[in-house]
Amino acid sequence: MVTTDWTQVSYEEGRQTLKKWRECGVRRSEEVVEIWEHVISRSPSSLGDEQWAVLEQVCIASLDAARVDLAQECIDLLHAQFPNSNRVLKLKGMQLEATEHFQKALDIYERLVEEDPNNNSYRKRKVAVLLAQGKRLDAIRAINEYLKIFLNDPEAWLQLSELYLLENDVPKSVHCLEECVLIQPLNSMYFRRLGDLRYTQGGADNVELARAYYERALKINPTDLRSQYGILLVRNPSGLLLKDFQSNNQIASTTKSPSEKKKAGLAAVDAIDNLVNRYQKISPKSNPESDGILNCLEAMKVTIGSK
Amino acid sequence: MKFNVETQALPYSTIILHCLKYPSKGVFGLLIGHKKGDKVTVTGCIPLCHESTPLAPPLELATALVHGKFGASLVGVYFANANPSDTSLNMYAIRLADKITTVTSSPAILIQVMNERLVSDCDQDRLVAFEKDGDSWKETKTLFQGSNFLRALQTVIQKKLYRELADFENHLDNPEADFYNTNLSNKLVQIAELRS
Chain A
1 MVTTDWTQVS
11 YEEGRQTLKK
21 WRECGVRRSE
31 EVVEIWEHVI
41 SRSPSSLGDE
51 QWAVLEQVCI
61 ASLDAARVDL
71 AQECIDLLHA
81 QFPNSNRVLK
91 LKGMQLEATE
101 HFQKALDIYE
111 RLVEEDPNNN
121 SYRKRKVAVL
131 LAQGKRLDAI
141 RAINEYLKIF
151 LNDPEAWLQL
161 SELYLLENDV
171 PKSVHCLEEC
181 VLIQPLNSMY
191 FRRLGDLRYT
201 QGGADNVELA
211 RAYYERALKI
221 NPTDLRSQYG
231 ILLVRNPSGL
241 LLKDFQSNNQ
251 IASTTKSPSE
261 KKKAGLAAVD
271 AIDNLVNRYQ
281 KISPKSNPES
291 DGILNCLEAM
301 KVTIGSK
Chain B
1 MKFNVETQAL
11 PYSTIILHCL
21 KYPSKGVFGL
31 LIGHKKGDKV
41 TVTGCIPLCH
51 ESTPLAPPLE
61 LATALVHGKF
71 GASLVGVYFA
81 NANPSDTSLN
91 MYAIRLADKI
101 TTVTSSPAIL
111 IQVMNERLVS
121 DCDQDRLVAF
131 EKDGDSWKET
141 KTLFQGSNFL
151 RALQTVIQKK
161 LYRELADFEN
171 HLDNPEADFY
181 NTNLSNKLVQ
191 IAELRS
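In the order they appear, the protein sequences are chains A and B. Numbered according to the UniProt record's numbering, the first sequence spans residues 1 to 307. Numbered according to the UniProt record's numbering, the second sequence spans residues 1 to 196.
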């Protein structure tokens, strides 16, 4: 993969990158710290009012990257500027979390929730403490409580969905994702994941549902590689690529009526064509193995097409 | 059968780099190698994903591709838990290992990364191997290459090469990413040779 050396970027590029990552909420903590230390910290005041947001971002990133010293610097600067801020107090709580002082962190969050019951981020931190302690069942209970108040939080539903999966409770995990779909019906990721879950559950009905979800995801995001592969998997091409991996899903293709079967076959051929197109654009320099995958796909197309 | 598992420097480093790329997440991957009597030598690995609950579709797809390429050399699964102090076996890793056993009709091994040993000043083996014994998984012997090798690994980490690693999930997000990590492996071999 191509990587950027963040220690060498210009001030403006560093600033823009931090801004972009802050806005889309991506977790690239180590790199945030790098940009800060090598580029931005030369002159934080040139950022104007943006510097406080950057300091908060760097503080959280440095806790994630186990740089408690740097986090302390950020907290000190923020505290001097905003002495009575709850937002800064929350950072203090997160620092306690990072150093495994879980009870002290919880005490701070309790106080913050009391003072500002409408701010959901403090309650989320409480869940994070439980997760860090490995108390998974308590965390599930806490998120369920949280969702009674903040019903429209897809992030929380997604987290709950994953926790149920760890408990091997697929139906409940599916339910959480269905809530996500209701909240954000145009996010293809939720549909694709529902497809993945249904396919994992297995059985003819679930595989049919999986196909419907993948098709929906592709309508929203036609370039989604995972959904295209998903459509291939539910078609379950016998023979080449997946011959040893025909799981319990094999029933799916035998119970369908001939017309449905044909439709599914056509969709699979479409998906292969799209995948082949995508793989053909890859330069062997960046991915020397793409040719091998391409050959597999071409071979699968022959098998499916001949049926 | 009590296996003796040896992980060569290249897969060993790749597994550690995979963990370092995603410090807040659990990781999964496949092991390539060969068995001779009771000795399993792991000669390569293929990083699959960075979540603790990987679902069937991407795993089936990746395993099928890898099995198509390497056949019977597919010998097992490696994984790391998300939580540093969690040393339990991941159910999803066990399932994948069972599946590989069925596909290759030869018992698959399981390698777990001991997260707490990932700190740089630890000179214990970071990997623990398991084999299936009846219905349960039992720890088995590993051959550890010792501290000299760990120093070479340290150089690799200082160069931040883990940022160049790609797993199958990265590949699905962007097919330009090579989950066999051909280029990264070449670099790792070069660094190891320079040091020796």
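The set of hints was computed from the structure by calculation and includes no laboratory data. One or more hints might be untrue.
Computed list of lysine-lysine pairs in BS3-like fashion (alpha-carbon distance at most 30 Å, straight line) [as the list claims (entries may be wrong)]:
| # | chain 1 | residue 1 | chain 2 | residue 2 |
| --- | --- | --- | --- | --- |
| 1 | B | K99 | A | K281 |
| 2 | A | K19 | B | K25 |
| 3 | A | K92 | B | K141 |
Below, a sample of chain A positions facing chain B; criterion: calculated Cβ distance under 8 Å [what the hints assert, rightly or not]:
| # | residue |
| --- | --- |
| 4 | Y11 |
| 5 | F150 |
| 6 | L165 |
| 7 | N221 |
| 8 | P222 |
| 9 | L225 |
| 10 | I282 |
Sample of chain B residues lacking proximity to chain A, with all beta carbon distances greater than 10 Å (derived) [what the hints assert, rightly or not]:
| # | residue |
| --- | --- |
| 11 | N4 |
| 12 | G68 |
| 13 | S73 |
| 14 | L89 |
| 15 | E139 |
| 16 | P175 |
| 17 | E176 |
| 18 | F179 |
| 19 | Y180 |
| 20 | V189 |
| 21 | Q190 |
| 22 | I191 |
| 23 | A192 |
Since the structure is predicted, the reported quantities are computational estimates derived from the model, not experimental observations. For each residue, glycine too, the CB sits at the ideal point set by N, CA and C.
For each hint, the structure was consulted:
no., hint, result
1, B:K99 with A:K281, "violated (33 Å)"
2, A:K19 with B:K25, "holds (24 Å)"
3, A:K92 with B:K141, "violated (44 Å)"
4, Y11, "violated (22 Å)"
5, F150, "violated (23 Å)"
6, L165, "holds (4 Å)"
7, N221, "violated (12 Å)"
8, P222, "violated (15 Å)"
9, L225, "holds (5 Å)"
10, I282, "holds (6 Å)"
11, N4, "holds (27 Å)"
12, G68, "violated (6 Å)"
13, S73, "holds (14 Å)"
14, L89, "holds (13 Å)"
15, E139, "holds (21 Å)"
16, P175, "violated (6 Å)"
17, E176, "violated (5 Å)"
18, F179, "violated (8 Å)"
19, Y180, "violated (5 Å)"
20, V189, "holds (15 Å)"
21, Q190, "holds (17 Å)"
22, I191, "holds (16 Å)"
23, A192, "holds (20 Å)"
Violation of the numbered hints given earlier is confined to hints 1, 3, 4, 5, 7, 8, 12, 16, 17, 18, 19; the remaining hints are satisfied by the structure.
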